[in-house]
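Given these sequences and hints, build the entire structure.
Protein chains in written order, with this note's numbering: chain W, 5 to 114; chain U, 28 to 142.
These are computed hints drawn from the structure, not numbers from a lab. Where a beta carbon is used, it is the ideal one built from N, C-alpha and C, also for glycine. You may find that some hints are simply not true.
Stated by the list, open to error - Under 10 Å between C-beta atoms, here's a sample of chain W residues computed to sit facing chain U:
| id | residue |
| --- | --- |
| 1 | Ser32 |
| 2 | Glu36 |
| 3 | Ile55 |
| 4 | Lys101 |
What the hints assert, rightly or not - If you want the footprint, here are the derived chain W segments under chain U, 3+ residues with CB under 8 Å:
| id | stretch |
| --- | --- |
| 5 | 41 to 53 |
| 6 | 105 to 114 |
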Amino acid sequence: AQRVTQPEKLLSVFKGAPVELKCNYSYSGSPELFWYVQYSRQRLQLLLRHISRESIKGFTADLNKGETSFHLKKPFAQEEDSAMYYCALIGAQGAQKLVFGQGTRLTINP
Amino acid sequence: GAGVSQTPSNKVTEKGKYVELRCDPISGHTALYWYRQSLGQGPEFLIYFQGTGAADDSGLPNDRFFAVRPEGSVSTLKIQRTERGDSAVYLCASSQTLTVYNEQFFGPGTRLTVL
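Written as structure tokens, this is what we have:
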């Protein structure tokens, strides 16, 4: 079975502090991992994906196959980073459906 | 250009009624997906289409749910005999083709409330 777990429903940090949003997954094969973000009153949008190896808005995420994790990190949080963040995977066996975690609401305090 | 659009944005209905939710994908996108998001949860997959055909409908919860995409563009999600547990935000997404390398672009969602 495919499952994504985001252990923190809420996360609050101060502006300028480092932030890490945790994501663990269970999948027997080699999934593709994604982070989606939803800002207030906006639609869900892709933030970054493992296959692109990109850094978007200062965020990075490293796939750790040993720990089955894909944590999202940013060294210096900004107020505009406050949003809902969802980790998601697509199984590599041809299925294109995204499997989402329950999400983490990140609040950046001034 | 225009993104994915969904209508209506809000739908309130009574238990037992029939509802239709519409999705207009980005022009030229051949793959279309439906997800359902209950309060406090992440989106859950329902069904996806490649062209006119449903490639995977394994997420539809029961036979009260049905989706069509007759011309390979607009899709309609149909729910018969609605129940209070169907209340959720229904999200539609589209991508250029059916591959993991193509980003899924999401619509704003339809908030369905069953009284």
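Evaluated hints:
1. Ser32: 17 Å, violated
2. Glu36: 5 Å, holds
3. Ile55: OK, holds: isoleucine 55(W) within 10 Å of chain U, min 7 Å.
4. Lys101: This hint holds: lysine 101(W) lies near chain U, its Cβ roughly 4 Å from the closest one there, short of 10 Å.
5. 41 to 53: With 5 residues close enough to chain U, the hint holds.
6. 105 to 114: holds (count 3)
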